[in-house]
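Chemist: If you're matching them up, the sequences are chains A and B in order.
Numbering-wise (the working numbering), the first sequence opens with residue 1 and increments by one.
Numbering-wise (the working numbering), the second sequence opens with residue 1 and increments by one.
Keep in mind that the hints were calculated from the coordinates and are not lab data.
Mixed in with the good hints, there may be bad ones.
[Unchecked claim] Heads up, simulated DSSO-like pairs for lysine-lysine below, C-alpha to C-alpha not over 27 Å straight-line:
#	chain 1	residue 1	chain 2	residue 2
1	B	41	A	14
2	A	130	B	278
3	B	41	B	7
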Amino acid sequence: MSANEFYSLRVNGKTHQVQDSWVGESLLYVLRERLGLPGTKGACEQGECGSCTVLMDDAAVCACLVMAATAINSEIVTVEGITTDSTLTDVQQSFVDEGAVQCGFCTPGLIVAVHHLLEKNPQPSEFEVKEAISGNICRCTGYGRVFAAVEATIRSRNAGK
Amino acid sequence: MTVIVAKELTTALAALREHDDARLIQGGTDLMVEINFNHVKPTTMVSLRDVEALRTIRTDTAGILTIGSGVPYSVIEGEPVLSAIPALAQAARTVGSPQIRAAGSLGGNLGTCSPAGDTLPVMFALDAMIHLNTLDSSRVVSIHDFMTGVKRSVRQHDEIITAIDFPIVRGWQGYSKVGVRNAMVISVASACLVADLENANVRIALGSVGPTIIRCRESEAWLKSTQDLSAGQSISIDVANEFGRRAAAESSPIDDHRSTAEYRRHAISVLASRLLRKAYQ
Chain A
1 MSANEFYSLR
11 VNGKTHQVQD
21 SWVGESLLYV
31 LRERLGLPGT
41 KGACEQGECG
51 SCTVLMDDAA
61 VCACLVMAAT
71 AINSEIVTVE
81 GITTDSTLTD
91 VQQSFVDEGA
101 VQCGFCTPGL
111 IVAVHHLLEK
121 NPQPSEFEVK
131 EAISGNICRC
141 TGYGRVFAAV
151 EATIRSRNAG
161 K
Chain B
1 MTVIVAKELT
11 TALAALREHD
21 DARLIQGGTD
31 LMVEINFNHV
41 KPTTMVSLRD
51 VEALRTIRTD
61 TAGILTIGSG
71 VPYSVIEGEP
81 VLSAIPALAQ
91 AARTVGSPQI
101 RAAGSLGGNL
111 GTCSPAGDTL
121 PVMFALDAMI
131 HLNTLDSSRV
141 VSIHDFMTGV
151 KRSVRQHDEI
161 ITAIDFPIVR
171 GWQGYSKVGV
181 RNAMVISVAS
191 ACLVADLENA
201 NVRIALGSVG
211 PTIIRCRESE
221 AWLKSTQDLS
231 AGQSISIDVA
241 NEFGRRAAAE
251 SSPIDDHRST
261 AEYRRHAISV
271 LASRLLRKAY
281 Q
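Chain A on its own, in the form it takes in the complex:
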């Protein structure tokens, strides 16, 4: 397949047409500026900060490092697609409850990374949690409250079983 100005992407379970774009654009840019999905944040645009973390074929990746036109055969899930109803997920609620949100810029990327971790590994060790979010930079919280939010999510999920 050759992608020129028109191609389509599967995002959050729906097929979206991408039009009038330059085909070298990153997935991050296309999500935010072409498809109206601004939940995914852009900061470093070099894969360092993790604020643009999305799921691509069930792997957490930096959307800034994906050329959008190469993702035509992939299923993409953004922070907007983590849940289908309008309430917060348990991970999001734990971030609120534990004060793991300050400026909020890293939050969508962290939410996606934590959802992905707990889906793959429901009972992660402290080390595994640290490794899983090592690609998400937060300059406000010092991470302590983020770890507390992850722990709170695991506790509530365990209690619910």
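Once you've looked at the hints, dock chain B against the given chain A.
Modeler: Using the frame of chain A, we list chain B on its own:
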């Protein structure tokens, strides 16, 4: 600009023949940074993301693990690589972050050919062989001949790196690197050490301390001529430190924005010494 998303290797190879301006993209962790910052403006891109043939790990040849160039580091960190080539799994786990490891691959490390490429010292220490294919030919090149300089290799425009052969060696092996923190770090200095108990020798290769990866052949020869390197032996701290000094002397680092030549030499002496002691403790 055109993007060709290949599903078959032959589609990608044909595209390279057809377009002199074509650039290959696998995980995108290097190239997309250059594109995002307008350092390069490619006109034709050939994406290997969906070429399944590049994402296999094979053991058809006895004593050799063949890893497809597109296998992501997130897979290389685990089995079967972890047991067969532990130094490679270790090096893979030090690459970037989980997000980067889900995208990056050995083919990308080789294609970019930076002296700081984390998995390259492992290939040099293990004498890995690189498979290169064109539409109508194929060749296998030793890693020692493949990398020719900073971001330079013998890969021709119409060639695709398809797989890498890693010999399975009996004995301890490990990879260490020095950087400002654990995650998301481009190494200031790195080293891979392989103890080959069958042949009673030790190989060591250094990253980020020269224009190419450096195999410390003189240090290896000195160690073999003075020590018994077969199974069950131990190495004294003095010998390990002398080995470290000799390995550092074989490095050829520079001062740059990441560190100084002096610090890099010191880091290599410590890494080499520690790796050797771990191999024979």
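Chemist: Now look at each hint and say whether the structure bears it out.
Modeler: Hint by hint, here is what the structure shows:
1. With a C-alpha separation of about 30 Å, the suggested pair residue 41(B) and residue 14(A) falls outside the 27 Å cut-off, and the hint is violated.
2. Annotation: proposed proximity of residue 130(A) to residue 278(B) holds, straight-line Cα distance about 26 Å (limit 27 Å).
3. As the CA atoms of residue 41(B) and residue 7(B) are separated by approximately 24 Å, the hinted pair is consistent with the 27 Å bound.
Violated hint for the displayed structure: number 1, the only one.
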